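Colleague: What follows is each chain in one-letter form.
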Amino acid sequence: MSTGKIIRKDGHYAHHFESAEQEYTSSKQGIWLFLSTEILMFGGLFVAFFLYKGMYPEIFHKGAESLSWIYGAINTAVLLTSSLTMALGIHYIQKGKNSQALTQLIITILCGAIFMGIKYVEYSHKFHLGLYPGQMFSGETGGVENLPLYFSFYYMMTGLHGIHVLLGMGLITWVAIRTARGDFGPKYYTPVEGVGLFWHVVDLIWIYLFPLLYLVE
Amino acid sequence: MSEHHDVYHLTPFKTYMVVFLSLLVLTVLTVWVATVDFGAANAFIAFGIATVKAMLVLLYFMHLKYEVTTNRVIMASGFFFLALLFIFVLIDIVTRVPVESTL
Chain A
0 MSTGKIIRKD
10 GHYAHHFESA
20 EQEYTSSKQG
30 IWLFLSTEIL
40 MFGGLFVAFF
50 LYKGMYPEIF
60 HKGAESLSWI
70 YGAINTAVLL
80 TSSLTMALGI
90 HYIQKGKNSQ
100 ALTQLIITIL
110 CGAIFMGIKY
120 VEYSHKFHLG
130 LYPGQMFSGE
140 TGGVENLPLY
150 FSFYYMMTGL
160 HGIHVLLGMG
170 LITWVAIRTA
180 RGDFGPKYYT
190 PVEGVGLFWH
200 VVDLIWIYLF
210 PLLYLVE
Chain B
0 MSEHHDVYHL
10 TPFKTYMVVF
20 LSLLVLTVLT
30 VWVATVDFGA
40 ANAFIAFGIA
50 TVKAMLVLLY
60 FMHLKYEVTT
70 NRVIMASGFF
80 FLALLFIFVL
90 IDIVTRVPVE
100 STL
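These protein sequence lines map, in sequence, to chains A and B.
What the first sequence shows, in numbering that gives the first Met the number 0, is residues 0 to 216, in sequence order.
What the second sequence shows, in numbering that gives the first Met the number 0, is residues 0 to 102, in sequence order.
Read the hints as simulated data drawn from the structure, not as lab findings.
This structure is a prediction, so every number in the text was calculated from the model and none was measured.
One or more of the hints may lead you astray.
Unchecked claim - To give an idea of the interface, some chain B residues facing chain A are shown, with a C-beta separation under 8 Å as derived from the structure:
{"no.": "1", "residue": "Tyr-15"}
{"no.": "2", "residue": "Lys-52"}
{"no.": "3", "residue": "Thr-68"}
{"no.": "4", "residue": "Gly-77"}
{"no.": "5", "residue": "Phe-78"}
{"no.": "6", "residue": "Ile-90"}
{"no.": "7", "residue": "Ile-92"}
{"no.": "8", "residue": "Thr-94"}
To be verified - Heads up, simulated PhoX-like pairs for lysine-lysine below, C-alpha to C-alpha not over 25 Å straight-line:
{"no.": "9", "chain 1": "A", "residue 1": "Lys-27", "chain 2": "A", "residue 2": "Lys-125"}
{"no.": "10", "chain 1": "A", "residue 1": "Lys-186", "chain 2": "A", "residue 2": "Lys-61"}
{"no.": "11", "chain 1": "B", "residue 1": "Lys-13", "chain 2": "A", "residue 2": "Lys-118"}
{"no.": "12", "chain 1": "B", "residue 1": "Lys-13", "chain 2": "A", "residue 2": "Lys-125"}
{"no.": "13", "chain 1": "A", "residue 1": "Lys-96", "chain 2": "B", "residue 2": "Lys-13"}
{"no.": "14", "chain 1": "A", "residue 1": "Lys-94", "chain 2": "B", "residue 2": "Lys-64"}
{"no.": "15", "chain 1": "B", "residue 1": "Lys-64", "chain 2": "A", "residue 2": "Lys-52"}
{"no.": "16", "chain 1": "A", "residue 1": "Lys-125", "chain 2": "A", "residue 2": "Lys-52"}
{"no.": "17", "chain 1": "A", "residue 1": "Lys-118", "chain 2": "B", "residue 2": "Lys-64"}
Stated by the list, open to error - Here are the in silico distance ranges between beta carbons for each label pair:
{"no.": "18", "chain 1": "A", "residue 1": "Gly-138", "chain 2": "B", "residue 2": "Ala-40", "range": "27 to 35 Å"}
{"no.": "19", "chain 1": "A", "residue 1": "Gly-129", "chain 2": "B", "residue 2": "Val-24", "range": "36 to 44 Å"}
{"no.": "20", "chain 1": "B", "residue 1": "His-8", "chain 2": "A", "residue 2": "Glu-139", "range": "27 to 35 Å"}
{"no.": "21", "chain 1": "A", "residue 1": "Glu-17", "chain 2": "B", "residue 2": "Asp-36", "range": "54 to 62 Å"}
{"no.": "22", "chain 1": "B", "residue 1": "Pro-11", "chain 2": "A", "residue 2": "His-14", "range": "33 to 41 Å"}
Backbone N, C-alpha and C define an ideal beta-carbon position, used for all residues, glycine too.
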C-alpha cells in the first residue's frame with residue numbers, strides 16, 4: 000500500500016524491493032551501517048594515538064610543535080562550509096531547484112579542493128624539513144628519542160582522512176553531473192543523500208582531528 | 000522524535016545557517032580556549048567542544064534528529080563499541096604492574 004512518495008524519474012525501483020520507499024530507506028540504512036564502520040576505523044587510530052600519547056607524552060609534545068594551528072583552523076572552517084553547502088545542495092533538490100543545488104554541490108567540491116591544497120602546503124613543508132614517518136625520518140629530533148612515531152600517526156590519520164576527502168570530492172562530482180543531467184528531483188535523490196552523509200562524516204572526523212593534532216598539547 | 004517517519008523532512012534554510020554559524024563560533028571558541036592554561040582540563044574542554052560540534056553535524060546536517068530509530072541505533076553502536084575499545088585499553092594500561100626481568 001505504498002503512497003509512492005519516492006519515485007524515480009522512470010517510475011521504477013529494483014525488483015527485490017516492495018516499494019520505492021522501501022528501496023530508499025534500505026539504501027539509507029546501508030549508508031548508516033557503512034558510516035558506523037568508518038567511525039570504528041578512525042576510532043581505532045584515535046585510541047592508539049591516546050594510548051601512545053599517554054605512554055610517551057614528550058614525543059607527542061615535540062611532534063605537535065611542527066604543526067601550525069592556523070592551517071588546522073582554516074581547514075576546519077573550510078570543511079564546515081562544505082558541509083553546509085552539501086546540506087543546502089540536498090535542500091534545493093528537495094525543493095526541485097536543481098540549478099541552485101548544482102551551485103551548492105560545486106562549491107562543496109571547491110571547498111574539498113581548498114582543504115587538500117592547504118594539506119599539500121603543510122605536507123610539503125614537513126617533507127622539506129625531513130619530517131617523514133617512521134624509518135624514513137631525516138629531520139631534527141631535538142633530542143627526543145623516537146620522535147618519528149609522532150609522524151607515523153600524523154600521516155596515517157591525516158592521510159586516511161585526506162583519501163576520504165578525495166573520494167568524497169569524486170562522489171560529489173558524480174552526483175553533481177547527475178543533478179545537471181536532471182536525474183534527481185524532490186521525488187528521488189537517494190544517491191545525493193548517501194554521498195552527503197558520507198561527506199558529513201568526513202567533516203565529523205576532522206572536527207575531532209583538529210583539536211587532537213593542532214590544539215591539545 | 001516522531002514515530003511515523005516522514006520520508007521527507009525538509010529542514011528550513013534558516014536552521015542550516017544557525018547550525019553553521021554555531022559551528023564556526025565553537026571553532027573560534029576551541030582555538031581561544033587552547034591558549035588559556037587549564038592544566039589537564041584543556042584536553043577535556045577541547046574534546047567536549049568537538050563533541051558538541053559533532054552532535055550538531057549529526058543531528059542537523061545529517062538529519063539524525065529526524066531519522067528512524069534503527070539508523071540512530073546503528074550510528075550510536077559505532078560510538079558505543081569505540082568507547083568500549085577505549086575503556087578496555089585504558090584499564091589494561093593503568094592496571095599494569097612493572098615487572099623486572101629475572102633472566
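Colleague: Compare the structure with each hint and give your call.
Modeller: Right, here's what the structure says about each hint:
1. The criterion of a C-beta within 8 Å of any C-beta in chain A is met by B/Tyr-15, whose closest approach is roughly 5 Å, and the hint holds.
2. Interface hint status for B/Lys-52: upheld, as the beta-carbon distance to the closest one in chain A is roughly 5 Å, under 8 Å.
3. A distance limit of 8 Å between C-beta atoms decides the matter here; for B/Thr-68 the minimum to chain A is near 11 Å, and the interface restraint is violated.
4. Hint on B/Gly-77 holds. Least Cβ distance to chain A is approximately 3 Å, under the 8 Å limit.
5. Annotation: interface hint on B/Phe-78 holds; nearest CB of chain A at approximately 6 Å, less than 8 Å.
6. Because the closest C-beta pair between B/Ile-90 and chain A is about 12 Å apart, greater than 8 Å, the hint is violated.
7. Among the interface hints, the one on B/Ile-92 holds; its C-beta lies about 7 Å from the nearest C-beta in chain A, closer than the 8 Å criterion.
8. Nearest Cβ of chain A to the Cβ of B/Thr-94: about 13 Å, over the 8 Å cut. The hint is violated.
9. The suggested pairing of A/Lys-27 with A/Lys-125 is violated, with an alpha-carbon distance near 40 Å, which exceeds 25 Å.
10. For the proposed pair A/Lys-186 and A/Lys-61, the alpha carbon gap of about 54 Å is over 25 Å, so the pair is violated.
11. For a cut-off of 25 Å, the pair hint linking B/Lys-13 to A/Lys-118 is broken: about 32 Å separates their Cα positions.
12. Restraint check for B/Lys-13 and A/Lys-125: the C-alpha separation of about 41 Å exceeds 25 Å, so the hint is violated.
13. Between A/Lys-96 and B/Lys-13, the direct Cα distance comes to roughly 17 Å. Compliance with the 25 Å bound is thereby established for this hinted pair.
14. Restraint check for A/Lys-94 and B/Lys-64: satisfied, since their Cα atoms lie roughly 20 Å apart, inside the 25 Å limit.
15. Proximity of B/Lys-64 to A/Lys-52 is assessed by CA-CA distance (about 35 Å); at most 25 Å being required, the pair is judged violated.
16. Between A/Lys-125 and A/Lys-52 the CA atoms are separated by roughly 21 Å; this keeps the pair inside 25 Å, and the hint holds.
17. For the given pair, A/Lys-118 sits about 32 Å from B/Lys-64 by alpha-carbon distance, which is inconsistent with the 25 Å threshold.
18. A C-beta distance of roughly 32 Å is found between A/Gly-138 and B/Ala-40, which places it inside the suggested range of 27 to 35 Å.
19. Between A/Gly-129 and B/Val-24, the C-beta spacing of about 38 Å keeps the proposed range 36 to 44 Å intact.
20. Separated by about 54 Å at the C-beta atoms, B/His-8 and A/Glu-139 break the suggested range of 27 to 35 Å.
21. Against the hinted window of 54 to 62 Å, the Cβ-Cβ separation of A/Glu-17 and B/Asp-36 comes to about 60 Å, which satisfies the hint.
22. Checked against the hint of 33 to 41 Å, the pair B/Pro-11 and A/His-14 passes, with Cβ atoms roughly 37 Å apart.
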